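Novice: With the hints as constraints, model all of the structure from the sequences given.
Protein chains: 2
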Amino acid sequence: MDFKELINARRSVNFFDSARGVPENLLREMVAMASQAPSSFNLQPWSLIVVKDPERKKRLQKLAWDQPKVSEAPVILIVLADRDAWQSGHPFVERNFQEMIRAGMMTEEQRDWFKNARESLYGYSDDARQAFANKNSGFFTMGLMLAAKSLGLETHPMDGFDLEGVRREFSIPENYWVPLLLAVGYFKDTESLAPPKWRKTYDEIVVNFK
Amino acid sequence: MDFKELINARRSVNFFDSARGVPENLLREMVAMASQAPSSFNLQPWSLIVVKDPERKKRLQKLAWDQPKVSEAPVILIVLADRDAWQSGHPFVERNFQEMIRAGMMTEEQRDWFKNARESLYGYSDDARQAFANKNSGFFTMGLMLAAKSLGLETHPMDGFDLEGVRREFSIPENYWVPLLLAVGYFKDTESLAPPKWRKTYDEIVVNFK
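Residue numbers (our numbering), protein chains in the order written: chain D, 3 to 212; chain P, 3 to 212.
Just so you know, the hints here were simulated from the structure itself, not pulled from any lab data.
Please read all numbers here as calculations on a predicted model, not as lab measurements.
C-beta: ideal position from N, C-alpha, C; glycine also.
Certain hints may be false.
Across the chosen pairs, the derived CB separations fall in these ranges [stated by the list, open to error]:
hint, chain 1, residue 1, chain 2, residue 2, range
1, D, 105, P, 26, 33 to 39 Å
2, P, 210, D, 68, 23 to 29 Å
3, P, 7, D, 193, 42 to 48 Å
4, P, 125, D, 112, 40 to 46 Å
Residues from chain D that face chain P, not an exhaustive set, calculated with beta carbons under 7 Å [as the list claims (entries may be wrong)]:
hint, residue
5, 24
6, 27
7, 28
8, 38
9, 49
10, 52
11, 123
12, 140
13, 141
14, 201
Specialist: Structure follows, in structure tokens:
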């Protein structure tokens with residue numbers, strides 16, 4: 003399947019075959035592909051909580067507008083966006099700097115330059131910090147959905163949940179925003195899929211203000 | 003090229019062949035593929051300003067840490083994330099509602115339900131509004147980068163720019179955040195590409211707090 007076919011074939015499906023689990027190797031492969039997404043200074047501010055346990059899924063379903071697919075899908079990924087993943091002292095920021103030195107892309111002398119760059123772009127407002135975490139996690143999540151489809155799996159990204167309730171239930175620290183829940187599994191083939199929804203055209207997407 | 007090859011082959015390239023433009027039909031095809039990204043209630047809160055004019059690119063380069071690729075790439079897309087694209091009265095929100103009625107997925111009686119759903123998810127804080135706009139624009143942008151690669155084009159997503167400066171230069175209204183600039187073009191094949199940067203592993207991405 004070429005990319006055009008793949009992106010057209012990806013759908014947000016409502017019906018998952020709850021009898022058919024997602025093999026661990028496929029889940030790992032899906033995440034490995036998605037992890038190739040680019041990110042701001044390669045800071046990769048994304049994490050996942052993998053929810054498979056039926057009891058945990060039931061509790062999550064109650065926090066997600068009681069949508070049946072939360073329990074029916076064999077895997078729910080809670081996508082996390084780390085709003086602090088640009089801060090000095092964050093373990094992956096230091097790791098990132100060391101990896102760049104090792105690759106010859108930065109020198110130890112550039113530590114201050116790198117710190118100032120991160121602070122000037124992501125540290126100046128809550129909006130900047132939130133945008134940093136969410137856009138990069140968006141890149142990663144789009145990769146997850148397309149990778150899943152390429153492996154024969156289906157997904158459904160969900161916004162309809164009580165973010166603070168999910169935070170409490172899964173003890174998610176404050177530095178993470180929860181952009182979405184992603185249901186993953188196989189399509190329940192006794193159901194049928196609604197036709198694709200409309201999309202804005204090129205001429206509706208491209209704008210000009212001057 | 004299958005998806006795994008494609009996502010591994012996508013790189014953020016620093017060198018563009020400034021003599022080789024992006025044909026209009028390829029740019030349109032790239033955007034059409036990316037527009038298939040899912041979004042919150044299909045609200046598609048993304049727009050693009052297409053910058054090709056050398057003088058406009060020069061002004062943009064000055065606002066983007068003077069990075070030469072801003073002028074060298076034949077096309078710079080200014081990606082916009084509409085923080086108000088869930089609000090009642092927004093033209094695409096009303097269009098969306100009418101399209102859902104037409105598709106039999108909602109009824110006119112659900113207008114209040116739909117309004118309350120949007121307001122409860124995106125209207126309760128600046129953080130919620132910013133996450134809505136940026137995660138969805140992240141889905142779209144990842145689609146742009148992969149679609150470009152599938153068409154033989156290269157891209158580079160850029161964070162290093164003066165957001166308020168770009169807003170003024172292009173008269174971008176306050177409702178839009180500017181998540182990134184995306185350089186698009188062909189690779190300058192007299193240059194060589196650095197090896198891919200490190201990525202977090204599955205076990206570094208998956209977390210659990212309880």
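Novice: With a cut-off of 7 Å, does the beta carbon of residue 38 of chain D approach a beta carbon of chain P closely enough for the hint to hold?
Specialist: Constraint on residue 38 of chain D satisfied, holds at 5 Å.
Novice: Can you let me know if the beta-carbon spacing of residue 125 of chain P and residue 112 of chain D is within 40 to 46 Å?
Specialist: 42 Å, holds
Novice: Holds or violated: the hint that residue 140 of chain D contacts chain P, with Cβ atoms closer than 7 Å.
Specialist: Because about 2 Å separates residue 140 of chain D from the closest Cβ in chain P, which is inside the 7 Å limit, the hint holds.
Novice: Starting from the hint 33 to 39 Å, judge whether the C-beta atoms of residue 105 of chain D and residue 26 of chain P obey it.
Specialist: 37 Å, holds
Novice: Hint check: is the beta carbon of residue 27 of chain D less than 7 Å from a beta carbon of chain P?
Specialist: Given a least distance of 11 Å, the restraint on residue 27 of chain D is violated.
Novice: Next item in the hint list is residue 52 of chain D. Is there a CB on chain P closer than 7 Å to its CB?
Specialist: Holds - the Cβ of residue 52 of chain D comes within 7 Å of chain P, reaching about 6 Å at its closest.
Novice: Per the CB criterion, is residue 24 of chain D less than 7 Å away from chain P?
Specialist: Given a least distance of 14 Å, the restraint on residue 24 of chain D is violated.
Novice: Taking the least C-beta to C-beta distance, is residue 49 of chain D closer than 7 Å to chain P?
Specialist: This hint holds: residue 49 of chain D lies near chain P, its Cβ roughly 5 Å from the closest one there, short of 7 Å.
Novice: Can residue 141 of chain D be said to touch chain P, with a Cβ gap under 7 Å?
Specialist: 4 Å, holds
Novice: Using the nearest Cβ pair, does residue 123 of chain D come within less than 7 Å of chain P?
Specialist: Holds, about 6 Å.
Novice: Just to be careful: measuring from the Cβ of residue 201 of chain D to every Cβ in chain P, is the smallest value less than 7 Å?
Specialist: OK, holds: residue 201 of chain D within 7 Å of chain P, min 5 Å.
Novice: Using 7 Å as the Cβ threshold, decide whether residue 28 of chain D counts as touching chain P.
Specialist: With a closest approach of 12 Å, the residue 28 of chain D hint is violated.
The structure fails to meet hints 3, 5, 6 and 7 from the earlier list, while all remaining hints are met.
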